[in-house]
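Student: Those protein sequences? They're chains Y and C, same order as listed.
Counting from 11, one number per residue, gives the positions in the first sequence under our numbering.
Counting from -12, one number per residue, gives the positions in the second sequence under our numbering.
FYI, nobody ran anything at the bench for these hints, they're computed from the structure.
Predicted model, so just to flag it, every value in this text is computed and none were measured.
Wrong hints could be hidden among the right ones.
[Stated by the list, open to error] Short, incomplete list of chain C residues facing chain Y, as computed with Cβ under 10 Å:
hint, residue
1, Val85
2, Val92
3, Gly103
4, Gly114
5, Val118
6, Pro202
7, Ile217
Every residue, glycine too, gets a C-beta built ideally from N, C-alpha and C.
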Amino acid sequence: MSGGESANRPGQFMGYALPWGFVALLALVPVVFPDPYLLAVLTSAGIFIIGAISLNLLLGYTGQLSLGHVAFFGLGAYASALATLGFDIAIGFGLRLQVAPQPVWVGFLAAILVAGGFGWLLGRLAFRVRGAFFVILTVCFAQVLRMVALNWVELTQGPMALIGIPGFALWWPGEGVVELTRKDQNYWLVLAVTVLAFLLVRQLVQSRFGRAMVALRANESLARSVGIRVTHYLTVAAVISAGIAGAAGSLFAHYTRIIDPDVFLFIYTVTMVIMVVTGGKGTLWGPVVGGFIFGLMPDLLRGTAPPEVQWVIYGAAMILFVMFLPRGIVPALQALLRRRAA
Amino acid sequence: MDQTLQHLVNGTVLGGTYALLGIGLTLVFGIMRVVNFTHGELYTFGAYMAYALVALLQLDFILSLVLATVLGIGLGAAIELLLLRPMRRADIDSVMLVMIGAALVLQNAEMWAWGGVAKLIPNPFPGEPLVLGPVSVLPLRLFVLAVAAALLLGFWLLLDRTRFGVAMRATFQDPETAALMGVRIGWVNTATFALGSGLAAAAGALLGPVFIVSPTMGDLVGLKAFAIVILGGLGSLPGATIGGFALGYVEEFAGGFVSTEYRDAFGFLLIILVLALRPQGLVPAKERIG
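Isolated chain C, as found in the complex (with noise of 0.2 Å):
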């Protein structure tokens, strides 16, 4: 029973970051109907940007965290500018190609500037856990759930209350309508893009002091953002929510009740499963996509 709790709260603080890669990468899907390969490399871009801003250039730790999901906002409006925008008429599997061919380039470049050897980031919080009855918990990692809570009700409050939001919406929806009704689809989709990759450098940022930075932690997290958006339904911003912490809650207590050297695999194999059973996710979108 300890140990369950212990489990549930550690898969509560990775379902939180889980969900902000999940919903950058529904919500990218979902407007723009693309599959986002450099989700991944967004991630480990706002790490890197953390672990410089924090180590390299001794700024605070909570500007630097601000800092580096401001720059992978900044480097998300740059890549929709460059290459999503002028591939718009094209197919979704060109689109792809061009986006796993930009994750190379970022992935690449990163190992090229950062090198190969693991970054530490410092953190001004205290090592020591806290304990609250047979539960214990690193302050560091309260802290990473507390600012991811707080950036997904600050996202679900932008879209729900903002005209920004609505426009959003509207363009998902049905993009032609929302263009007839004055709606700039252009910006939405590049504030869309920008967005997403900005919540996934801030859950680098968030997660980096947690692990260690490297060039290829993105890899696993990307894909990990495709399973936790294929578990909730591709497009759906509750079932990306969901599936977030369904992924966290599963990796948690397979890793810990079956096996810990498969704790990885066991999203990759929900994703399958659920693909097989039920490829419309466990929450499947309102509006038909795809």
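Excised from the complex, chain Y in its bound form (with noise of 0.2 Å):
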């Protein structure tokens, strides 16, 4: 079983006034450090984190390694830029699709269901496989969609980039809708996300559908014999944990206001699997804190060390943890704890 329910339980303070404290403090530090660099930073690696927690209900709870989860991120970023730029393309018989540009929170829904209703199919697709072919099958997936949105010009400009996209529109206090252009705006905007995709997958993982989906990673034949319907659950913790990439991307999209088709690059899966692995997969906080980690450590290193270098410390770091620390940080920590406690 893994620790991420049972630290909930002991004492109030451990489940509930310490993660709302954390989440305060976050929200502070527009104000108190006002500085736009570090801003950026943050609401960055905060994006990485929504899709580190999406990605952790599929690694950390059904246990299926995907690695196409850029996939669904890059499929976030197109839906909702795509919607709230319009466009308008040939879909053969001679006839044409056109979509007039949509507001922003309509190009946000559609990153949701464009990405949700790709990981339906790919759960539909990939749960027939296991193991390293349900592996190397999301692999390709995101390959592929990589490729069409490097050749498909007419609709996503290929390499040319889709550029202009507006920046998120929202209510904001004192100032009714308005575009958010600044960078303490995304940030908190980024950061009211984190925490709604943290929720979300906690009640998610709390409830019947996550002892379900517990008992399906530690023994599926077992499961399937007490009545589990594995495909099913597993299908519909593959269109949450989509839907929710998908959200990452469309804030990412609207962030940078340009996406190009290297949004769907490997090593994006990579930096949000090694954010799950380090942190610990199947732990609620467990993303949280390696995508802190990891969304904070190419600054840290920026100055001291060229990028390539900075990913030579990436693949290291991830093998030192994979072969000393394997399930992550979060469980050390809680097991460490007990201990003293004990």
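With the hints as a guide, dock the two chains, each given alone in a separate frame, to form the complex.
Tutor: Following this line, the structure appears as structure tokens:
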């Protein structure tokens, strides 16, 4: 059983006050340190943490190593960007599909729906095959999408990238509905979505659904024999996980205002996987802890090491964690605390 | 018709090197149950070593290819001893993650060492294509095909006719029993991984002069190697050979007749189709794996 759920039970302090205090501290960052560089770093770390939280649902709770997770992130980014920019493409038989520019919240919903839809498709397909096959299938899925994004120039502008994507528009206290252009506004938006994603996943894994997933991970044939509908649960998990990743992609698109086919790069999946694995897969806080470490590390190393060396350090860190702390930081800390308490 | 013949020739040349890549990967999976994400990086490594030996040290072309392959074998052995041997009891996913980390380290170390600018490997073959009726082919490509074929044959002989080959096949079928019969599994694993890496490095050194050498050249190739192996059935040697040629032909014909832009995508679409419809691959391995 994973330690994530049990950690929330002993003491209201650990389970309630501490996390919310942490969120409150993070919310105060733009007020106390209004440094645009720091906020930019934290915002992009936050977007990847959302991705890692969604990946954890598959990787940590159902035990399926999905290495195509960036596909959903990229699909969300493109869906949201295209919905807000509008497009006009030929769909065969001389027909054209025209979509006028939509408000950003429509794009955000479109991102979740499109990514979730593809999650369903991949879930139906991939859960027929397991283990190494599943991993390779997910990698290929992301590759195919990257090639479509590169070559379907009429829709995606290919390597020329989609530019001029509007910023997120929201009702803002004292200002009415405005486009979020300031760093602090985007930071709070990403923080809020991260908290929502965290709460959604927590709700899910602490429900009957989550117990079914844990049962699946522990012993699939036994779970099947007591009447857990394996394919159904795995597919639902894939859809929700993909939907959250799509939401992260949408945030990314409206934050950076420009996206190109590189959002589908394998390296982004690897980043999310590293975050989940080092933090502790199958624990609620694992992706958050791992996300902070690997989201902030590039900027701590900036200036001291060229980007290639940073990636070498990333790779080496991943190897060392898997070899020497295979369950991740959070379970190790929990074990340490429990021993201290006993 | 003329075009068809030309595509057939090009597909065969491409397929030969794909088969080399596929065999190395499928062997490592079949014997060690390791999904080797460093395979594409070993391919890149082979190409860069060939570049260093031919262009920088001015060594003989053929000798350089041999040395690049030997260096690939050495790097493979080092990876096996350092990373895989300590992970023998770990689950397949953890090993996969370690291999991804290793691929990340290798690729970025290459980028750091050689810079992002693509390199050209000079070769001694004439630049004039040989013309045979409607088909024309560069002598260099013929050389690549001949070497690939020789390596494939040599590898098959090694597996089929030598004591070492018997030990490998025995480990493939049943590691525990093989160990009881006196096969030293640890060394079979090291040798398997080193040989698989050597084949990838050889493919890189062979194709380096045909294309250009860049640090990310292994990305697509690594994924294609997976495509080949899945196509043929994970762990099946004849499958990987057939899969290699099949992918070469599919890319060449689809690229020629359907769409050049999506040329590289066809391979991946093929895998998704194969996995969806026939997950055991075209030629399922006789021994039950996975």
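Student: Each hint: holds or not?
Tutor: Comparing the hints with the structure gives:
1. Val85: holds, 5 Å
2. Val92: holds, 4 Å
3. Gly103: holds, 9 Å
4. Gly114: Violated: closest Cβ of chain Y sits about 30 Å from C:Gly114, beyond 10 Å.
5. Val118: violated, 33 Å
6. Pro202: With Cβ-Cβ at 9 Å, under 10 Å, it holds.
7. Ile217: holds, 6 Å
Consistency with the previously given hints fails for numbers 4, 5, ordered from lowest to highest.
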